[in-house]
Amino acid sequence: MDAGASQAGAPGARRPPARTARNPATSLPDPRQLPLWKPRPDLPAADNALHHWRKHAPDLPEIPNALHYVRTLHALAQGGARRFLTKVRANGDRLYYDPLRNLLAVLAYDGQPRTLFRPQGGIDYWNGL
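Taking the working numbering, the leading residue of the sequence shown gets 9, the next gets one more, and so forth.
One or more of the hints may lead you astray.
As the list claims (entries may be wrong) - Here are the simulated distance ranges between beta carbons: (1) Pro52 - Gly130: 14 to 22 Å; (2) Gly136 - Asp55: 29 to 37 Å; (3) Arg62 - Ala116: 26 to 34 Å; (4) Gly136 - Arg109: 17 to 25 Å.
Think of the hints as simulated: they come from the structure by calculation, not from any bench.
Ideal placement from N, C-alpha and C gives every residue a C-beta, glycine not left out.
Between the sequences and the hints, there should be enough to build the whole structure, so can you do that?
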């Protein structure tokens, strides 16, 4: 062992960071660092996010609140083309579909979330877009 190296467990030895399994509930993006939601002319961003969560909550029992709803949408979008099906609309909106969980997320051209829902037609709904 060279003079500059330390043994594991020795005082001052560096340990690699502990690895943890990816848990979707704990590895969701921090919404403070992302666009909250696309506002409407009659609803500010936070109210529109709450409105969408309430509208889709009956079909999303695994999402307990509006904050988790926003974070889930961002997590799905961040997985992007590597993990999910993606499309871009003519207006620049980006669509992300997770066929395993049957979740569809829509982000506006500027990255602000528009909606997250579970389409009743599943992949057929996606293919019809």
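Please test the hint of 14 to 22 Å on the beta carbon pair from Pro52 and Gly130. Since Pro52 and Gly130 have Cβ atoms about 33 Å apart, the given range 14 to 22 Å is violated.
Looking only at beta-carbon atoms, does the pair Gly136, Asp55 fall within the given range of 29 to 37 Å? At 30 Å between Cβs, range holds.
Hint check for Ala116 and Arg62 - Cβ pair distance inside 26 to 34 Å: Given range 26 to 34 Å: violated, Cβ gap about 20 Å.
17 to 25 Å was suggested as the range; check whether the CB atoms of Gly136 and Arg109 agree with it. 19 Å, holds
Figure legend: structure checked against the earlier numbered hints; hints not met, in rising order: 1, 3.
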